[in-house]
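Q: Residues per chain are reported as follows:
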Amino acid sequence: AQSVAQPEDQVNVAEGNPLTVKCTYSVSGNPYLFWYVQYPNRGLQFLLKYITGDNLVKGSYGFEAEFNKSQTSFHLKKPSALVSDSALYFCAVRGNYGGSQGNLIFGKGTKLSVKP
Amino acid sequence: DVKVTQSSRYLVKRTGEKVFLECVQDMDHENMFWYRQDPGLGLRLIYFSYDVKMKEKGDIPEGYSVSREKKERFSLILESASTNQTSMYLCASYPGQGAWETQYFGPGTRLLVL
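Taken in order, these protein sequences are the chains called D and F. Position in the first sequence counted from 1, then plus 28, gives you the working numbering. Position in the second sequence counted from 1, then plus 1349, gives you the working numbering.
Extracted from the complex, chain D is given alone in its bound form (with noise of 0.2 Å):
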């Protein structure tokens, strides 16, 4: 069955140093992953994904993730972290379901918190 693990509940990061948010998948054949933003009280946004190619996907507001197949990880990055990239942080893969090739499984988020 399809799976993602996000093992960190909470990440903290100083303004300014560089940030990496986990993602690991389980998945038959290949993965579409994806990584999706969520500001509070706010539905989800989309940052980035991978589909094939490329293993480092670049996305919406200076964020990157780096597809690993070996380690089956997705981990998302920047560079320079700011305060206002505070927020809940969904990796998701596509999953399966009933024939349907849309449903997300997701992950079970991981708050960034971003201090000045």
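If you're looking for bench data, these hints aren't it; they were derived computationally from the structure. Keep in mind that this is a model prediction, so the values were computed, not measured. Please note: incorrect hints may appear among the correct ones.
The calculated BS3-like cross-link candidates involving lysine-lysine, where the alpha carbons are at most 27 Å apart (straight line), are [what the hints assert, rightly or not]:
| # | chain 1 | residue 1 | chain 2 | residue 2 |
| --- | --- | --- | --- | --- |
| 1 | D | 136 | F | 1404 |
| 2 | D | 136 | F | 1406 |
| 3 | D | 136 | F | 1352 |
| 4 | F | 1404 | D | 139 |
Given the structure of chain D, go ahead and fit chain F onto it with the hints provided.
A: Only chain F this time, still in chain D's reference frame:
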């Protein structure tokens, strides 16, 4: 830009009431989804629909039903609301042409059942 809207941002209902949550997307997407979000549990799929009048159960369909009479609209129905259905409800849509496509989310409805 894809736009997914939900009829209410916040709702307060009483136990036993019938509750309707509406979701509309404006990009002619085939697939639509309802998730609920709870702290520490992430997002869990309640129901989805891949065509008008078609619906399929997700992981946690108990206590919910859905309706899709038009392509752009997908409604979630709580037949008799209970306190354990207090949650954040998120609607999403997806073109359905390929697994690589992005799923788009609405702003969410925070439901409190008293």
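Q: Against this structure, judge whether each hint is valid.
A: Against the structure, the hints come out as follows:
1. 136(D) / 1404(F): holds, 25 Å
2. 136(D) / 1406(F): Holds. Residue 136(D) to residue 1406(F) sits at ~21 Å (cutoff 27 Å).
3. 136(D) / 1352(F): Holds. Residue 136(D) to residue 1352(F) sits at ~25 Å (cutoff 27 Å).
4. 1404(F) / 139(D): Given pair residue 1404(F), residue 139(D) is violated - Cα atoms ~33 Å apart, limit 27 Å.
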